[in-house]
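Can you make the complete structure from the sequences, with help from the hints?
By the count of the numbering used here, the sequence shown reaches residue 312 at its end, each step adding exactly one.
It is possible that part of the hints are untrue.
Claimed, not checked - In silico BS3-like cross-links for lysine-lysine, where the CA-CA straight-line distance does not exceed 25 Å:
{"#": "1", "residue 1": "Lys254", "residue 2": "Lys268"}
{"#": "2", "residue 1": "Lys50", "residue 2": "Lys70"}
{"#": "3", "residue 1": "Lys107", "residue 2": "Lys75"}
{"#": "4", "residue 1": "Lys194", "residue 2": "Lys157"}
{"#": "5", "residue 1": "Lys157", "residue 2": "Lys147"}
{"#": "6", "residue 1": "Lys70", "residue 2": "Lys28"}
{"#": "7", "residue 1": "Lys219", "residue 2": "Lys254"}
Stated by the list, open to error - Simulated DEER-style distance windows between Cβ atoms:
{"#": "8", "residue 1": "Gly48", "residue 2": "Gly150", "range": "53 to 63 Å"}
{"#": "9", "residue 1": "Ala248", "residue 2": "Ser64", "range": "45 to 55 Å"}
{"#": "10", "residue 1": "Ala84", "residue 2": "Ala210", "range": "23 to 33 Å"}
Hint data in this document are derived by calculation from the structure and do not stem from the laboratory.
Note that CB positions come from ideal geometry on N, CA and C, so glycine has one too.
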Amino acid sequence: MAATIAWNDLTELDSFKKLTALKNAVSVADALKGEGGAKRVAELSIPMSSGLSYNYAAKQVDAKIIAELQKLADEAQLLDKFAALYDGEVVNLGEKRMVLHHLTRGQLGNDVVADGVNKREFYVQQQKAIADFAGKVHGGKVLNEKGEKYTTVCQIGIGGSDLGPRAMYLALENWAKANGCFKMDAHFISNVDPDDAAAVLGSIDLAKTIFILVSKSGTTLETLTNQTFVIEFLKKAGLDPSKHMIAVTSETSPLAKSPDYLAAFFMDDYIGGRYSSSSAVGGAILSLAFGPDVFARFLKG
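Given below as structure tokens:
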């Protein structure tokens with residue numbers, strides 16, 4: 012039988028109150044001095060995959076605080092809440108929604124059916140559609156008005172539709188170049204200040220650029236404002252905007268079946284913006300920039 016979960020504010024828990032009493036109990040500067048500091052650095056390190064490690068020696072913790080943190084995790088039912096998320100229970104209490112970003116990773120969690128749709132299959136289907144489109148772009152089957160290959164991709168979005176994909180691109184860019192995986196230059200437009208967009212547009216070959224418009228609702232004011240700005244630039248350059256834009260949106264948005272886009276890929280309400288990088292929001296630009304195989308490797312971890 013599943014545990015009954017209490018969604019209490021952490022500050023209401025006894026273990027949290029005990030933790031606050033330990034504030035400033037550890038001086039990091041003192042803890043890192045001399046031989047004791049070297050021992051602390053060695054001991055407070057957790058090996059991870061790919062040669063990485065997580066070292067928390069510079070954090071204000073000691074064995075007592077770690078033990079109290081464990082008590083807080085237990086009292087807050089952290090593992091039960093984690094299991095509830097995986098099982099597709101409603102854990103976004105503010106919006107009364109499930110939280111399903113883990114299903115974009117394919118191998119994680121149980122199948123969840125929502126709105127009559129198997130959500131794991133839906134996300135995988137979108138990944139395959141993006142991979143197919145990226146393959147056609149890289150293979151020269153999708154070309155611009157002049158029959159030329161696209162060389163650049165530019166994402167238009169705000170918040171999680173910009174920050175996560177931008178961070179992922181910057182993190183992988185040099186690796187991709189060094190490993191022969193670099194396919195297309197990528198740029199980002201998020202600031203509604205026209206100087207920001209103008210600087211990006213002035214630095215790229217518009218005729219060979221695909222723009223990715225990211226808006227779940229299809230009505231995000233800031234994103235549509237930047238799209239309008241980009242469209243005007245394309246028209247002034249004598250280009251057909253519909254040959255240079257794809258959309259990442261919801262299936263019910265006005266962008267979903269618009270003829271103004273080369274293609275549309277879909278997301279839904281069960282993935283919040285800050286967690287959307289492993290969905291079509293990050294998948295489109297990463298697959299175009301580095302190839303769908305690299306995005307698939309990212310999803311596998």
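Which hints from the list above does the structure break, by number from lowest to highest? 3 and 10
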